[in-house]
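Enquirer: Reminder that position 29 of the sequence shown reads as 29 in this note's numbering, one-by-one numbering, no gaps.
Incorrect hints may appear among the rest.
Using C-beta positions, here's what the derived DEER-type ranges look like [stated by the list, open to error]:
1) Pro41 to Glu183: 27 to 33 Å
2) Pro169 to Gly63: 29 to 35 Å
3) Asp153 to Thr133: 26 to 32 Å
Source of the hints: derived by calculation from the structure; they are not laboratory data. In this text, a Cβ means the ideal position worked out from N, Cα and C, and glycines have one as well.
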Amino acid sequence: MAAVQGAAAFGKAMAVLQAVSDASEPVSVAQIARLTGHPRPTVHRIVAALQAEGMLAERPGGGAFGLGPRLMALAARAWDRFELRLIAAAELARLRDATGETVHLAVRSGPEMIYVDKLESPQAVRMASRIGTRVKLHSSSVGKAWLAALPPDEAAALLPQLELAAMTPQTLTDVAALAAEIERIRGRGYAVDAEENEADIWCYGGAIVGAAIEGAARAIGCISVSIPKYRAAIDDPERYAGPLLACCRRIAALAAEGVR
1 MAAVQGAAAF GKAMAVLQAV SDASEPVSVA QIARLTGHPR PTVHRIVAAL
51 QAEGMLAERP GGGAFGLGPR LMALAARAWD RFELRLIAAA ELARLRDATG
101 ETVHLAVRSG PEMIYVDKLE SPQAVRMASR IGTRVKLHSS SVGKAWLAAL
151 PPDEAAALLP QLELAAMTPQ TLTDVAALAA EIERIRGRGY AVDAEENEAD
201 IWCYGGAIVG AAIEGAARAI GCISVSIPKY RAAIDDPERY AGPLLACCRR
251 IAALAAEGVR
């Protein structure tokens, strides 16, 4: 088969985008060159072209790049047709109605989770967020639920690579403390964000565990129930965790049916 014209250049551009997307923090041209194996002058030209098209954006301070606004806009349009979102829609509504609180569906993107769907609480005071919001793995309930769903050896290798920024005074910023919390989440089945990502907000998170791949079941997404602290039943976590975990199991079953 004849080579498709432009395929090699396109492949290099995709490799650059993938490297930036997979990195735990914004990366420089030199770092991208090391990650992709492409010559630095080549990477410099690709980065400049992608930046001009809004696919990459230079971070404040200069010299480091992350994903750009145009790429995120394209992703937002894709979320409207996102299969997991469609599969989960009815169950998310059921969970929102059962708890009376805001519900999010999130998927992983590098060191963060992205909300791909949100159902608002019917109550006047509720969490301020939107589809497309990015939250850290270490500080959010969906992020910690995703980490806990990883095979233990993979989670142990990943935790030291995360930038454990303090989002609030309650955020876990020590690898050992985070590892201990992940172990507790594995034991009880759900994660708690006790004002760790946003002041005055409590969240309960659970993982939607998909079919086993290469012998290990993995999360295909995570769900959170987000509650203003003043009305969160902190002493009664089962009020939220029970419906949340049941929702995760039902969506996982629906997803499994969809791939048979």
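Enquirer: Which of the numbered hints above does this structure break?
Expert: Violated hint (a single one): 1; every other hint is consistent with the structure.
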